[in-house]
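Colleague: Residue numbers (the numbering used here), protein chains in the order written: chain S, 22 to 476; chain W, 7 to 314.
Hints listed in this document are in silico derivations from the structure and should not be mistaken for laboratory results.
Keep in mind that the hints are not guaranteed to be accurate.
As a list, the in silico PhoX-like pairs of lysine-lysine whose alpha-carbon atoms are at most 25 Å apart [to be verified]: (1) K75(W) - K459(S); (2) K169(S) - K421(S); (3) K459(S) - K246(W); (4) K246(W) - K101(S); (5) K421(S) - K284(S).
It should be emphasised that the depicted structure is a prediction, and the values quoted were computed from it without experimental measurement.
Residue strings, one per chain:
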Amino acid sequence: MGALIATPALAALAMLGLAGQAGAWSLEEAAAPYKGVTIRTIGEALPPLEAMKKLAPEFEKQTGITVEIEMYEHSEAVSKVMLDLNSKRGRYDFIIQPHRELGKFVTNGHVEPVETFMASATLRDPEFKPEEQLYQGLWKEISWYEGKPYGFPFTALTMYEWYRSDLLNDPKEKEGFKAKYGYELGPAQDWKQYRDIAEWFTRPDQGLYGTALQGKRHEALWYEWLNFLYSYGGDMLEVKAGSECGPVVVNSPQAIAATEYYKSLMAFSPPDTLNYFWDDVMALMQQGKVAELIMWNDATYAVAVDENASSVVGKMGFDLVPQGEGGKVAQVEGWTYLVPTSSKNKEAAYLFIQWMMDYDQQLNQHLNGGATARPDVYASAEVQKLPYSQASMGSNEVAKPKPTIPQSSEMTDILVRELSSYLADEKTAKEALDQAAKEISELLGSCAPMKYPVQ
Amino acid sequence: MMTAVNPSPRGTFLLDRGASLPLLLPATLLVLVFLVGPFYYMIYTAMTDLSFANPDQKGAFVGFDNFRKLVREDSIFWGSFWLTIRFVVASVAVEFVLGFGLALLIWRFIERQRLLTTLLLVPMMLAPVAVGLIWRLLLQGDFGMVTYYLRQFGILSQASAVFSSPALVMPTVIAIDVWQWTPFVTLIILAGLMSMPRSPFEAATMDGAGPWRQFVDILLPLLRPIIALVLLLRGIDAFKEFDKVFIMTGGGPGTVSELLSIYAYRVNFKNWNLGYGAAVSFMVYLVVLILCSVFYKAVYWKTAGERA
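For reference, chain W alone in the conformation it holds in the complex (with noise of 0.2 Å):
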């Protein structure tokens, strides 16, 4: 049983004697040096027209300009925003039902979880970027394993590759998301259901409710707030993936596999268009924040209310 904390007599002596503020102040530091000073220079450098390019374009004030031209004209932007939302409901759907089932088996039926879990961590420990050259390297058209054996097996015809193919192209960057991603989703899970009491269970038990009713009514509710949280994580993750894609296809073939992210990256660091790269990129930290912030209010307003 918890017992409540109280602040020590020492620890009041600090606080009362203001000390805590040389202790925060290192870490405050860090945030307003590293976090907040750069997202309001974001913010400013976003209405400025500031090309590194073009001598013209110095950084003069242009107000909500660069806003504008994203919104209403154009159609790059609206493409790889609607690009990244389908690969984020895609990618983020499908590591959350495998990686919630191959928890479920892990708890239900395996005895060394300890090696398992271990080995699952392998392709999360990987860099994104060498996830991206490892797997271009097993689907390179010429001479990729994954390739050879596609094509032994007969799903690939010997005419066509992957990357070349626009139509394979995302399915696959999916495909190695979900491979990447899948052991995050399912030792988070595990580890959740690690953790819950036994006690509802054995009472549900006890009261004749089955393995489905069980499953719905308590385990469910009770891994709500870790469901969220896995969701929510992969979910920001997904949204600005970069590295991999980028390895794999640049964007490519034409604009198929051109996440928002790489659309900012071309924008900012190939056209060195800083102003309008800036407008994009706080594009981006919006539409993450107000996902979360839907997605953080819909579990837990649900939770709040059945606890109230």
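One chain only, chain S, in its complex shape (with noise of 0.2 Å):
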């Protein structure tokens, strides 16, 4: 990933920690003023908001400060806290958020810099040195705007190449391939091996299929394709950093490959593909049905180690997405935590986060499906077992920025409407890019002229 950080805020910021070290800090003694406060937050109903809100008892043990964690569906989650923000009403003392809405809440002044509390030697833990202790990529990535901290990931979350490998190990299996393509069956490397095996493992009459598609219109398929997209060598913006505006070159020669391979896909897929989100696929991954798929970090512990959701636990290996133009790439999105301007109990709001931060925390949280930002948890014997690990950190490193301007998600509309259209035959994959490359060039104006202008 890119420097999308001033070097002065590091400093700064370190600089905030050692002053911090300066007197015995205990989180007992900075959560007395706060004691008997109830702070509320909002996220995602997955995984790691459940193991956080089995961790909060503890927290309130130690504070008696009250934790309230509100679930919900990815869009309503969003949509809650807009409402929120914009009303001012202070309903949320933290909130929890994809980190491409985060140029909108910054540039609106809805969300405090963490600068504000880290600056408060009553308030920062001395232990507590996110510079040295997060994927500073990642960080910078996911929490931060135009060279300010906003605040520490929930989960860094990519996504990677899931495939069986009791399918792929098996020797009648790989007698087979090889005969047909001429070459070792393994996960693949390449787009052009990543096509070969869903062609091969799609038998309908025994309920396989080679891979599985996110193509409803949804979120979930733009996230989906964007790892097609940077692995292609394409992208949406001609930029450096998440925030910044530049060129539009979403309909350059790459992305219209990229659209088209994801497309041809769809024949590998079960025919209920433009029905399917994160949700449908990963169930599909459960019962055994897929043979291989690009899917998310977050959602691999439910197919890979809980035996009590999943048919496929010790079956399952992962690698990073397939190789094109593009070189080895994944793409990131991360949920932030954040404390928003119209919070009522902000300093209550940053203590727990700062405690969710901690190692213990963020071990715990991993193992139960989180996706941590913390190496030193990564490097742990217990994250090390998991069979996702070395993917997971794989990914983490190459892993790309996106957009976090404050018209990310209306670009995210257009795009999820326009692959839409062309995967139910509406449009080409020309005419559906040309068209997104034309309204995101309107919405963002003088900075974004069209770099393959449309005839």
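Fit chain to chain and form the complex, with the hints in mind.
Modeller: Shown next, in the form of structure tokens:
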């Protein structure tokens, strides 16, 4: 990931940390003024938030601060926050939001910079040193905007390749595959191999499909498609950081090729592909109906580890997204902790967030389906035992930033509509991406000319 | 025989003393605060560039720019508009024909009408969101029960699924709307049939008029206000359809099921473009208003003309 932050900001944070080391610090003392306070938050109803809910009573016991957690489906968790921030009701003392929303929050003055709290010797735990303890690239991508930190990563999510290792290692399958395609069957390293494997394992009569695409008109489609786009060497805007505006390149030849390739995989995906989003393909994988797909790291636990939910525990393998012209890449999407300016209990909220970023809590959350941004958690023996740790760490290293400018949600909506239109045969890939490029250029204005003008 | 009701002396006293004002005040306030106020605020917002997303759009007055863009440049809006019109016409027409037929059958041939009407209420009593969720599961491509039987009977191929087949999506959405709302039409028409006087039919029978003549010349004219009411209510409701379709398809695949209300939702609550979104919402209101007044005048003008 590119350097997205000015070095002076990191230095300032480090100095704030040193300043805080002057006296002994304890959570109980720091939280004493807020005893009896209730702090409320909101996030997506997924294992990482459920893990946080299980951890919260320990914080409550230590501090006397009550933590209320509201869990909603992805879109609802986002829209409820927008309404609360704009109405300035202050219902939520801290929020957990996807980082694509960050620019909107920052430019409208809805969230506090974390320096506000980290400068306070009474609030900041001297042991908490995010400038040393977090993957710097992920932190900057997920929680910073225009060189300033506004929070800390709740989850550092990436997508990578999931495959059925039992099928790919089956001697009979290997023999048959080699006879047909002329090379050894193994985890796909490029898109040709990925397609061959998908084709080979598509056996509808046996209830098995080569892959499963997230083709519903939903954000899931856009997220999945980004892996193909980046790997083919394409992008949406020609920029170096998510907070920058720049030329629109979403209709580049690479983007069109990636999109056409993506649709070609529909032939190896179950019949209801245009109705699937992440929950559906995860369920298909849990039921053992799919050989390979590109999927999120926070869903891995429920498929590869949780025996109560999955029939393929012990049969799964993980690798980075296959390589195209764009090299080894992954798309990163984090959910970030933020403190709204309208929060009525900012300090208590900060104390909870800081406590959650502690090693013990991060380890616990990660082992229960989270996706930490702390390398020391990844290095622990327990995490290393998880079958997806290597792929998760590898994709963290090569993750690309995505737009976080205020208009990013509308950009996403345009692309979701146009991609869905292409999958539904309403348009060709070029027509769909040209239309998207035109609308995105109009939306962003003079900072975003079309690099590939539409005739 | 009905007798004219004269205001009681006490009622006259209250009206004269202006005591009606405090009695009307709560209802008036509710209407002003929750209906009239928001309506005029929507019109005002539609003339601004207000956006919750873009910090450069703080709500500056832009006159009719949003409406101009909507009408002249927004092809998605027009696509959604015509899709909504087709949805309203198809679903209300089928609901009316089926509902009327069922009501006639019940009226003529069923003894235990109360039990049947209670049973008919079930689909109507379900929340639209619940209906959407139920049908989404029933038609799910991998384990949906209805999908299974459609495949068993050869109606749906093994390689396709209802909500992933663009050509099947809108007919399915219409069929589900018909399933939910035909009982409503049946109940209203049945109530109309049950309240009709018997004497015109008896007189017609004595004059030798057959069932068809009686249906065309007596029953239909007598039911005209009821028919107008049911078509109007269903038309307005269908035009505003959102929950079921949003849950089942999200407007997709592509723009195949993106009704006007779903488009308005996207502009307002996905993109937070509230000025433009208010213009879209106002257009929905305007179309419903025009359709209602045209329809109302067409039906009642004819009735009034006949009475004269």
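Colleague: Is K459(S) within 25 Å of K246(W), Cα to Cα?
Modeller: violated (30 Å)
Colleague: For the pair supplied as a hint, K246(W) and K101(S), confirm whether the alpha-carbon distance does not exceed 25 Å.
Modeller: holds (23 Å)
Colleague: With a cut-off of 25 Å on the C-alpha distance, tell me whether K75(W) and K459(S) pass.
Modeller: The hint holds at about 16 Å.
Colleague: Just to be careful, I want the Cα atoms of K169(S) and K421(S) compared with a cutoff of 25 Å; is the pair within it?
Modeller: holds (19 Å)
Colleague: Just to be careful, I want the Cα atoms of K421(S) and K284(S) compared with a cutoff of 25 Å; is the pair within it?
Modeller: holds (23 Å)
In summary, the structure is inconsistent with hint 3 from the numbered list given earlier, while agreeing with all the others.
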